[in-house]
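Asks: Use the sequences and the hints to build the structure in full.
Protein chains in written order, with my numbering: chain A, 64 to 279; chain B, 1349 to 2128.
Don't read these hints as lab results, they were simulated from the structure. Possibly wrong hints are sitting among the right ones.
What the hints assert, rightly or not - Label pairs and their calculated CB-CB ranges: (1) B:PHE1914 to A:GLU139: 43 to 49 angstroms; (2) B:ASP2087 to A:PRO254: 44 to 50 angstroms; (3) B:ASP2087 to A:ASN208: 18 to 24 angstroms; (4) A:PRO162 to B:PHE1914: 23 to 29 angstroms; (5) B:GLN1408 to A:ASN208: 36 to 42 angstroms; (6) A:GLY95 to B:ALA1499: 27 to 33 angstroms; (7) B:SER1858 to A:GLY95: 44 to 50 angstroms.
Said to hold, decoys possible - Listed next, the in silico DSBU-like pairs over lysine-lysine satisfying Cα-Cα at most 35 angstroms (straight line): (8) B:LYS2027 to A:LYS169; (9) B:LYS2027 to A:LYS69; (10) B:LYS1759 to B:LYS1680; (11) A:LYS122 to B:LYS2109; (12) A:LYS69 to A:LYS129; (13) B:LYS1680 to A:LYS169; (14) B:LYS1759 to B:LYS1608; (15) B:LYS1803 to A:LYS122; (16) A:LYS69 to B:LYS1618; (17) A:LYS69 to B:LYS1859; (18) A:LYS129 to B:LYS1803; (19) B:LYS1710 to B:LYS1608; (20) A:LYS124 to A:LYS169; (21) B:LYS1710 to A:LYS122; (22) A:LYS169 to B:LYS1618; (23) B:LYS2109 to A:LYS69; (24) A:LYS169 to B:LYS1803; (25) B:LYS2109 to B:LYS2027; (26) B:LYS1618 to B:LYS1859; (27) B:LYS1608 to B:LYS1803.
Treat the numbers as computed from the prediction; the structure is a model and nothing was measured. Heads up, the beta-carbon is just placed ideally off N, CA and C, and yes, glycines get one too.
Now for the letters of each chain:
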Amino acid sequence: MAHEPKLLEHEYDGIREFDNPTPGWWHALFFGIVGFSVFYLMISTGSPLYDTPIMSHDKDKLAWIKSLFGELGELEPTEATIVRYYADPADEYAGQWMPYAESLFKANCVSCHGANGEGSVGPNLTDDAFINVASVTDIYDIIQNGANAGAMPAWGNRFHPNDVVLLSSYVANMRGQNLPGLPPDGEVPAPWPTLDEIGGAAPEEFTEDEENAGAG
Amino acid sequence: MAAAAAAEATFAQTGPSDPQIDEFSYDDQIVRMFLWATLIWGIVGFLAGVIIAFQLAVPQLNFLPEVAFGRLRPLHTNAAIFAFAGNAIFCAVYYSTQRLCKTRMFSDTLSRLHFWGWQLIIVSAALTLPFGITQGKEYAELEWPIDLAIAVVWAGFFGVNFIGTLINRRERHLYVAIWFYIASLVTVAILHIFNNIWIPVGIVDVIKTGELSSFDNSLKSYSVYAGVQDAFMQWWYGHNAVAFFLTTPFLGLMYYFLPKAADRPVFSYKLSIVHFWSLVFIYIWAGPHHLHYTALPEWASSLGMVFSLMLWMPSWGGMINGLLTLRGAWNKVAQDPILKFFVVGVTFYGMSTFEGPMLSIKTVNSLSHYTDWTIAHVHAGTLGWNGFMTFGMVYWLAPRLFQSGRLFSEKLASLHFWIGTIGILLYVISIYTAGITQGLMWRAFDDSGALAFPKFIETVTRLMPFYWIRAIGGTMYLVASVIGVYNVFMTWRMRPPTYDVPVIRAAKLSKFYDDGPAPASRLNANVGLGHAGDRFMQAHWHRRWERLPIRFTVYVTVAVAIASLFEIIPTFLIRSNVPTIASVQPYTPLELAGRDIYIAEGCYNCHSQMVRPIFAETQRYGEYSKPGEFVYDHPFQWGSRRIGPDLHREGGLQSSFWHYAHFENPQEYQAGSVMPAYKHLINQDLNFQEIEARVHSMAMLGVPYGDAVNNSVEMAREQAAQVAQEIRDQATNYALVDDLENKKVVALIAYLQRLGTDISKPAPEDDPGVAGEGSEGGDS
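Replies: This is how it looks when you write it as C-alpha cells:
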C-alpha cells in the first residue's frame, strides 16, 4: 500500500497530482533550521557570546598592533632610527622590518613611483637626486604631510606612525640603485649617514608602549 | 435576437443545475509572439554577456564609451532578466493560464498592449543604458520614464489581463502553477514601485525655471532614499527580483510544462502547498544578506542571514516536486531532450538554492562578497535554471504552437543541450575558482604581518586564465542557443498554411459550489489540539482558497507585505541605525556633477565604495565605512563587485594629476589593468548649467545645500578652475587638454578626491560621533 501513492481526483488540463506526504527529512531540516534561527537571533542580539563584525575587527587590529609593534614601541622619526632600520645588519631590524615596509610600498606607492620605485607620475626614487630632501627625515616629512601641491598625497592619517618611519627607511634605502626609469630630478643631497655615524647598532631607549596612538 | 431570447429563457427554466456549455478558443498567437521575443532577446542578452566577458580578458575591447564594460554590463543584466526571462515568463503564463483556467485571455487588446509595451520598454533600455542614462542601482538602472512604463505595462496591462482571466475561468480550482504566477505578479509590482521612488530632475527644473530642461536632466532622477536606507531598499528589491522574477514564475512554468512533457502526475500536492507559502513568506526577508559587513545595522544583517537559511527547504520543495515527478519516467529522460533540459534546469535550481543560503552565512560571505563567486552563483541559476527551463519549454511548445507535428530536429536539440551544459560548467567552474582565489588573496597575510598581495592588480592578473575560460564557456552557451533558435525557425517553416484554431467546449462555473464536508480528524486519541492539527494537515481549507482567486491574491499580498514591513519600518525609523557624523557635509556642486558621471559611466559595476570592518580590508583600504558617511548619497554606490579596488577611501590617495593620466591611459599607469580608458571624459565639456537643477533636486530631498542652491554653477566653475590648476601644477612633461577646467574629467576627479575624506576632517563643533573614531585601544 505504502508504495502505491494515491492519485488525487482533481485534474488540470490533463495534469494530475499524487497525495504523497511531504518528506520527513524535509520537515526535520526545515524546523531544525527555524529553531537554529531563533537561537541565533537571540545570541546575536546583544549577547556577550557574539562579537559583531566591528568588535571582531577591532580585536584583530589590536592583536596585530601588539604583535607587530609591541617590541618596537613608538618609533621616533629621527635620522638615527630611519637609518638604523635599513642599515643595521642585525636581523631584528633590516631583516625583519624591511619586507614589511616593502609590502606597504607596494600597496600604496607603486601606482605613482613605479613597481620598483623607478618613477612614473611621481619621481624616480632609486637615483641620487631628490626634490626638497636634504636628509632622511625630510623623506619622513614628505610621506607624512605630502608635497608639491598634493601631487604627493599626505599619508600621516592613513598609516600607523611606525609605518611612516619604516616606509621612510625603506625609501631612503632605495637611493643609489639607479634603476632605469625617469631621469633624475631635483638636488643631490649629501650621502645618508652610515651606521657608525649615527652611533652604531644599539637601539635607542624605547618610549613607553603606546600601541594605539593614532591608530587608524 | 429571438434565438438569444429563447436560449436565455431555456437557461432560466433549467437553472444552474444544468450548466451552459461555452464554445471558445485559446489565443495562441500571443504565445507565439512571446516565444519569438524570448528567443531574439535571449540571443541579444547572451551576446552582450559574451562581449563583457571578453572585455575583462581584453580591455582594449572597451573601444567606445557606449559599449565599455560599465555601460554594457547593465545592458546584459537587463536584457537577460527582463527581456529574455521576462518574455519567457509571459510565454509560459499566456499558454498555461488559458488552459489551466479553460478560458481565453481576458482581453486580446490587453494581451497586445502588454506584448508591445514590454518590447518597447526593452528597446528603450537598449537606447538609454549605453548612453549612460541610468539610476545607478543594479537591476533597477532604467530611468524614471521607463520605470513608469514598466509599472503601467506590468500592473495595468499584464496584471488586469491575468486577474481578469482568473475571474473568467471555467476551472473551479487554481492549479499550483497559477499560485506562483499570482505571487510573481503581485510582488514584482510592489518591489518595482517602492524601490523606484525618485525625484525627476527635469520636472524640478521645469517647476523652478518654467522652461524645459536639458535632455540629460529631463531623463535624470535621484532616489529619495539615501545611503543605508537606499542600500536596504535596493537589495530588498534586488534579492526579490531574483525571487519573484527568476524563481516563482519559473516554478509555475515547471509545474505546468514538466508534468506535461513527462506525462506523469506531480509528486505531491501537499508539498506544493507547504513550499509555496513558506517560499513566498520567507523569501522577502532575505535581502539584507547582500549587505553583510556593510554599514547596514547588524540586526538587519542577522535577519537576512537566518531567513536565507530558512529558505533552503522551501526552495528544495520545488526541486523535490520537480525531480520526483519524473519517477517512473527516467527512461524517457534518456531519450527526450526536453526532459534533459528540465532535469538539468531543476538540478541547477537545487544547487543554487543550497548555495544561496550558504553564501548568506556571514563568515562565508566575508570571503565571497565582492568576488566572482557571486557571479558564478548567479549564472548557475540563470544559465542553468532559467535558461534551460525556458529552452525545455520552447522545444515542447514549438511543434504545438507551429502545428508542425514534430520538432524540426531532435538531434539538434540534443546538441543544444550538450553544448549548453558544457558551456555552463566551464563558465561556473572557472568563475567559482576565480572568486575563491581572489577572496583568499585579498585576505592573505605574510609572515611579516603585512598583506601577502598588497598590490590589488596582482589579484586581477591572477584571474586572467579563468576569465578566458569563462568567456569560452559563455560563447558555447550562446552558440548552443543559436542552434536552438535555428531549430525553432525550421520548425516554424514546417507550419501549415493557416493555423488550425481548435474550438474548446467547457461548462461555465455555476454560482454555487459546495466545498464538501470538512474532513474529520483521523486520530483516535481524545486530544482536542491533535484533532485540530490533523484537520489542518488535510488542507481542506486550502482547497477552498484555491477556488477564490481574489482572496488568494490578497493573502499572498499580505504575506509579502507583512514580511517587508517588519524590516523596512525599523530601517527607516530607528535613528541609531545611522549615527550622525558632524563632519560629513554634502557634496559640492562640482562633486555632485562628478558623482553623476561616476554613475553614468557605470563605475559601480567594478568598484565598491564600502570598506568592510574586516582587518585585511582596513589594512588595504583604510578605516572601515560608517553609516553616517552616506547620508547624502542619493543613490548609494556601495557596489557589489570588486573587479577594481574599493574606492571609498580614494580621496587623497592619488594626486589629481595621477587620476587624469590614469583615466587617459590606465594600462600605462597600472600594467595589467583591465580598466577601460576614459579619454572621452577628458575631451567632453561638462554642462555646468545642468548642475543648478541637480543641486536644487538634492535640496528638495533634504540635503542641506543652503545658499549653494542659488549659486551652484558659479561654485562649480570656481572649484573646477582650482582642480584644473592643481592638475597643471602637478603635471610635468605631460600634454594636458586645453581649457581643462571645462572638462568632465575635472568634476569626476573632484568627486573621487572627496570620497571618504569627511570623516578625518574636524567637526564643526564637538560631536561624539566623530570623537569616538579610531580610539579602539582606549579601553585596553
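Asks: Each hint: holds or not?
Replies: Hints versus structure:
Roughly 56 angstroms separates the CB atoms of B:PHE1914 and A:GLU139, a value that falls outside the hinted 43 to 49 angstroms. About 46 angstroms separates the C-beta atoms of B:ASP2087 and A:PRO254, a value consistent with the hinted range of 44 to 50 angstroms. One distance hint, 18 to 24 angstroms for the beta-carbon pair B:ASP2087 and A:ASN208, is violated here, with the actual separation near 32 angstroms. A hinted range of 23 to 29 angstroms is violated for the C-beta pair A:PRO162 and B:PHE1914, which are about 51 angstroms apart.
With their beta carbons about 39 angstroms apart, B:GLN1408 and A:ASN208 fall inside the hinted range of 36 to 42 angstroms. A hinted range of 27 to 33 angstroms is violated for the C-beta pair A:GLY95 and B:ALA1499, which are about 41 angstroms apart. Range check, B:SER1858 to A:GLY95: about 46 angstroms between beta-carbon atoms, so the 44 to 50 angstroms window is met. As the CA atoms of B:LYS2027 and A:LYS169 are separated by approximately 27 angstroms, the hinted pair is consistent with the 35 angstroms bound.
Distance hint between B:LYS2027 and A:LYS69 is unfulfilled; the C-alpha atoms sit about 70 angstroms from each other, more than 35 angstroms. The suggested pairing of B:LYS1759 with B:LYS1680 holds, with an alpha-carbon distance near 15 angstroms, which does not exceed 35 angstroms. Taking the CA atoms of A:LYS122 and B:LYS2109, the gap is about 25 angstroms. The hint holds against a cut of 35 angstroms. At most 35 angstroms may separate the alpha-carbon atoms for a hinted pair to count; A:LYS69 and A:LYS129 exceed this at roughly 69 angstroms.
Between the alpha carbons of B:LYS1680 and A:LYS169 the distance comes to roughly 60 angstroms, so the proposed pair goes past 35 angstroms and is violated. Note on B:LYS1759 and B:LYS1608: the hinted pairing holds, with a Cα-Cα distance of about 21 angstroms set against a maximum of 35 angstroms. A distance of roughly 25 angstroms separates the Cα atoms of B:LYS1803 and A:LYS122; the hinted pair therefore holds under the 35 angstroms criterion. A C-alpha spacing of about 12 angstroms is found between A:LYS69 and B:LYS1618, which places the hinted pair at or below 35 angstroms, so the restraint holds.
Note on A:LYS69 and B:LYS1859: the hinted pairing holds, with a Cα-Cα distance of about 30 angstroms set against a maximum of 35 angstroms. Between A:LYS129 and B:LYS1803 the CA atoms are separated by roughly 25 angstroms; this keeps the pair inside 35 angstroms, and the hint holds. For the hint linking B:LYS1710 to B:LYS1608, the alpha-carbon distance of about 41 angstroms lies beyond 35 angstroms, and the restraint is violated. Distance hint between A:LYS124 and A:LYS169 is fulfilled; the C-alpha atoms sit about 21 angstroms from each other, no more than 35 angstroms.
Between B:LYS1710 and A:LYS122 the CA atoms are separated by roughly 18 angstroms; this keeps the pair inside 35 angstroms, and the hint holds. With a C-alpha separation of about 61 angstroms, the suggested pairing of A:LYS169 with B:LYS1618 is violated against the 35 angstroms cut-off. With a C-alpha separation of about 73 angstroms, the suggested pairing of B:LYS2109 with A:LYS69 is violated against the 35 angstroms cut-off. A C-alpha spacing of about 6 angstroms is found between A:LYS169 and B:LYS1803, which places the hinted pair at or below 35 angstroms, so the restraint holds.
Taking the CA atoms of B:LYS2109 and B:LYS2027, the gap is about 33 angstroms. The hint holds against a cut of 35 angstroms. For the suggested pair B:LYS1618 and B:LYS1859, the alpha carbons sit about 28 angstroms apart, so the restraint of at most 35 angstroms is met. Our distance criterion of 35 angstroms between C-alpha atoms is broken by B:LYS1608 and B:LYS1803, whose separation comes to about 55 angstroms.
Checked against the numbered hints given earlier, this structure breaks hints 1, 3, 4, 6, 9, 12, 13, 19, 22, 23 and 27; the rest are met.
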